[in-house]
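Protein chains in written order, with our numbering: chain A, 1 to 379; chain B, 380 to 758.
None of these hints come from the bench; they were simulated from the model. Fair warning: there could be bad hints in the mix.
Listed below are the simulated DMTMM-like cross-link pairs for lysine to aspartate or glutamate, each with C-alpha atoms no more than 25 Å apart in a straight line [said to hold, decoys possible]: (1) A/Lys-300 / B/Glu-500; (2) A/Lys-42 / B/Glu-426; (3) B/Lys-626 / B/Glu-742; (4) B/Lys-460 / A/Glu-318; (5) A/Lys-300 / B/Glu-609; (6) B/Lys-679 / A/Glu-121; (7) A/Lys-303 / B/Glu-500; (8) B/Lys-682 / A/Asp-69; (9) A/Lys-305 / B/Glu-500; (10) B/Lys-684 / A/Glu-121; (11) A/Lys-303 / B/Glu-742; (12) A/Lys-305 / B/Glu-426; (13) B/Lys-421 / A/Glu-318; (14) A/Lys-87 / B/Asp-686; (15) A/Lys-42 / B/Asp-686.
Here chain B is said to cover these stretches of chain A; the calculated rule only asks that three of the stretch's residues, wherever they fall, bring their Cβ under 8 Å from a Cβ of chain B [claimed, not checked]: (16) 37-46; (17) 73-83; (18) 305-314; (19) 318-327; (20) 338-352.
Ideal Cβ positions, reconstructed from N, Cα and C, are used throughout, including at glycine.
There are 2 protein chains.
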Amino acid sequence: MSIFKIKHKSQNSKARTGVVSLPHGDVLTPIFMPIGTVGSVKSLTFEDLEQLQAQIILGNTYHLWLRPDMVVMRAAGGLHKFIGWNKPILTDSGGFQAFSLAKIRKFTEEGVKFQSHLNGETRFLSPEISMGIQSVIGSDIALVLDECLPAEVDHRTAKAAMERTFRWAKRSQAEFEQIRSQTNHQNNLFGIPQGAQFNDLRLESAKLTMELDLPGYSIGGVANGGEPEEIMYTQVFTQTEILEEHKPKHLLGVGTPKDLVQMVARGIDMFDCVMPTRNARHGGLFYRLDDHSYTTYRIKNEKFKADFTAINPNSRFEVLRRYSKAYLRHLFVAHELLFFRLATLHNLEFYLDLMAEIRGKIEADSFDAWWAGFKEVKN
Amino acid sequence: MSIFKIKHKSQNSKARTGVVSLPHGDVLTPIFMPIGTVGSVKSLTFEDLEQLQAQIILGNTYHLWLRPDMVVMRAAGGLHKFIGWNKPILTDSGGFQAFSLAKIRKFTEEGVKFQSHLNGETRFLSPEISMGIQSVIGSDIALVLDECLPAEVDHRTAKAAMERTFRWAKRSQAEFEQIRSQTNHQNNLFGIPQGAQFNDLRLESAKLTMELDLPGYSIGGVANGGEPEEIMYTQVFTQTEILEEHKPKHLLGVGTPKDLVQMVARGIDMFDCVMPTRNARHGGLFYRLDDHSYTTYRIKNEKFKADFTAINPNSRFEVLRRYSKAYLRHLFVAHELLFFRLATLHNLEFYLDLMAEIRGKIEADSFDAWWAGFKEVKN
Numbered sequence: 001m002s003i004f005k006i007k008h009k010s011q012n013s014k015a016r017t018g019v020v021s022l023p024h025g026d027v028l029t030p031i032f033m034p035i036g037t038v039g040s041v042k043s044l045t046f047e048d049l050e051q052l053q054a055q056i057i058l059g060n061t062y063h064l065w066l067r068p069d070m071v072v073m074r075a076a077g078g079l080h081k082f083i084g085w086n087k088p089i090l091t092d093s094g095g096f097q098a099f100s101l102a103k104i105r106k107f108t109e110e111g112v113k114f115q116s117h118l119n120g121e122t123r124f125l126s127p128e129i130s131m132g133i134q135s136v137i138g139s140d141i142a143l144v145l146d147e148c149l150p151a152e153v154d155h156r157t158a159k160a161a162m163e164r165t166f167r168w169a170k171r172s173q174a175e176f177e178q179i180r181s182q183t184n185h186q187n188n189l190f191g192i193p194q195g196a197q198f199n200d201l202r203l204e205s206a207k208l209t210m211e212l213d214l215p216g217y218s219i220g221g222v223a224n225g226g227e228p229e230e231i232m233y234t235q236v237f238t239q240t241e242i243l244e245e246h247k248p249k250h251l252l253g254v255g256t257p258k259d260l261v262q263m264v265a266r267g268i269d270m271f272d273c274v275m276p277t278r279n280a281r282h283g284g285l286f287y288r289l290d291d292h293s294y295t296t297y298r299i300k301n302e303k304f305k306a307d308f309t310a311i312n313p314n315s316r317f318e319v320l321r322r323y324s325k326a327y328l329r330h331l332f333v334a335h336e337l338l339f340f341r342l343a344t345l346h347n348l349e350f351y352l353d354l355m356a357e358i359r360g361k362i363e364a365d366s367f368d369a370w371w372a373g374f375k376e377v378k379n
Numbered sequence: 380m381s382i383f384k385i386k387h388k389s390q391n392s393k394a395r396t397g398v399v400s401l402p403h404g405d406v407l408t409p410i411f412m413p414i415g416t417v418g419s420v421k422s423l424t425f426e427d428l429e430q431l432q433a434q435i436i437l438g439n440t441y442h443l444w445l446r447p448d449m450v451v452m453r454a455a456g457g458l459h460k461f462i463g464w465n466k467p468i469l470t471d472s473g474g475f476q477a478f479s480l481a482k483i484r485k486f487t488e489e490g491v492k493f494q495s496h497l498n499g500e501t502r503f504l505s506p507e508i509s510m511g512i513q514s515v516i517g518s519d520i521a522l523v524l525d526e527c528l529p530a531e532v533d534h535r536t537a538k539a540a541m542e543r544t545f546r547w548a549k550r551s552q553a554e555f556e557q558i559r560s561q562t563n564h565q566n567n568l569f570g571i572p573q574g575a576q577f578n579d580l581r582l583e584s585a586k587l588t589m590e591l592d593l594p595g596y597s598i599g600g601v602a603n604g605g606e607p608e609e610i611m612y613t614q615v616f617t618q619t620e621i622l623e624e625h626k627p628k629h630l631l632g633v634g635t636p637k638d639l640v641q642m643v644a645r646g647i648d649m650f651d652c653v654m655p656t657r658n659a660r661h662g663g664l665f666y667r668l669d670d671h672s673y674t675t676y677r678i679k680n681e682k683f684k685a686d687f688t689a690i691n692p693n694s695r696f697e698v699l700r701r702y703s704k705a706y707l708r709h710l711f712v713a714h715e716l717l718f719f720r721l722a723t724l725h726n727l728e729f730y731l732d733l734m735a736e737i738r739g740k741i742e743a744d745s746f747d748a749w750w751a752g753f754k755e756v757k758n
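Work the whole structure out from these sequences, hints included.
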């Protein structure tokens, strides 16, 4: 039975709205998932997330495995209970962090051995172990373990990693089903099509992953090296063209507001990215300029020093309506803790409102005439 | 006309409830004032403060003068407007920070020259300048500039500083009245009785300050050197015994929950201290054990690792009722930003609830039988 129901399709692009049905509730797509790495969307409470109308958040298996650890997680009854969040959660497999964060890591056919970035302790992660951890976490959507690659790889390396990722996906699926048969949980496992920058590998990986008949896909390995956006768009389109239309498609780790719009047009339903939250903490605030454009303000800019207009006069948050840009700048310059929450609320509201706008445009059949012109304006 | 109305007096102590009437509203005393050094009670919004039922907050003249600076403050229309807080604000005079924070400072009869702790810039603060700054800030209660002293001083040094503080208080008052006559504001200036640890100087300073007939007092120089609490209690009592009963008495920078209770019994009406907010940020959480005692938990303690009971099941904040101690510990250990807000809310709720309880006990005539036994229990 499919977990995804398409509501409305665009005529001249792959954009569509839909509903992903998960154990902790329905998710209206296209959607952006705020990142709660260690079980906290940085600086925010569940009240903030509810007011943002966040429908689903992402947790990082690698981080949660190391801290608080699975003893605590199991005792808590899973991540939802541990963090007081009753809506859906997606977790990654831990592979990307083992690749990118751990100081020393060695990939073998069995799995990946790495040293914890926290205390240097040696850990071993395999498809089976990742499934075990994600089962304890109890995420609504778990991901298969994949082998991640640096940005610049040759075809041979990329092909080998893609093939291993497929073998790991099969092992992940077998273990996931084994656990499900024992625990009777209703969680879902998504496959990860890879293939680096090579279109033939992207095609092959999509076809291989489809063989597993998993309920959805998280396209991986895109945009991890700052490649030109056209290449990134092509990588994704190559796969969304052949993956089954009726399955939800998540794009891992992307991206700018423009990327989101472009990717929706190419058939992506779900997004996650550190950009809104991380940029917020560094003083970069997204602002819509008009229907077709947006920009990023550096709140530290002198021009905000005596700008007493609201952070966002149209915000759903009273704090963003009542506090001024000058006050926000002051908090940033003075390294005040309150800054982080206000800036994070602002950027996530921008991202989530953009997704709601996209859904509205798709359903009003106005998306196709709009998406290609949506752009960032530098200031 | 007095700004203070006594509501109810204890029979066998100097404790009393009352109302301080200020331009931005009435303050029920005894009260604790959260510290918003640079115009932000660290990590909290005005919504948080309103939910805490904070009646008045404190801002630091020294910090606000340096940043954002008085150009921005004047353009904003004062601190209330700048920070979106419509209730009363008390500001100190800047003298204590010029003494304690500035790297180089030199006190003369004219004032204090110091180097900014932010950028090394040389600044000069005098009674007249402090009044000018506090006028731009627009605080409901401004304080006279006083000369602060290190914890261990001899009688001669303490006497000289106390006498200078009196001369500065007269200059502060003259300038304050000059500004008031020009601007027609209704703010209030409090005097600062000093005298270090010497009871004769404490007495003399109180008498001198009374000569100015200011609307209230902020007793200074107490508890800045970790002296035994009995000495601190005596310092205060020496002054509250002779200061006019019908004027509100604020004790600068004190203290522990026990100190607050002890000081209310000695006639103090208003408190401010970094303890609840600073301890919170360092993982020290106040918990009431029973009617007579409280303790401080170190949230990092292993015993909280799998303690899934609420941070405070009786809190007025849903986040403190729904989040567990185990989650709070996890946030602290993982250096997550959310920790600071939750811990700060918890400790301020403890402090403000304690003050409300004290007011209730005074009015129910049960304070006198209770206060002496209220104690901290180490754990």
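Cross-check of the supplied hints:
no., hint, in the structure
1, A/Lys-300 / B/Glu-500, "21 Å, holds"
2, A/Lys-42 / B/Glu-426, "19 Å, holds"
3, B/Lys-626 / B/Glu-742, "19 Å, holds"
4, B/Lys-460 / A/Glu-318, "15 Å, holds"
5, A/Lys-300 / B/Glu-609, "48 Å, violated"
6, B/Lys-679 / A/Glu-121, "21 Å, holds"
7, A/Lys-303 / B/Glu-500, "23 Å, holds"
8, B/Lys-682 / A/Asp-69, "15 Å, holds"
9, A/Lys-305 / B/Glu-500, "20 Å, holds"
10, B/Lys-684 / A/Glu-121, "20 Å, holds"
11, A/Lys-303 / B/Glu-742, "52 Å, violated"
12, A/Lys-305 / B/Glu-426, "24 Å, holds"
13, B/Lys-421 / A/Glu-318, "18 Å, holds"
14, A/Lys-87 / B/Asp-686, "23 Å, holds"
15, A/Lys-42 / B/Asp-686, "22 Å, holds"
16, 37-46, "holds (count 8)"
17, 73-83, "holds (count 5)"
18, 305-314, "holds (count 3)"
19, 318-327, "holds (count 7)"
20, 338-352, "holds (count 4)"
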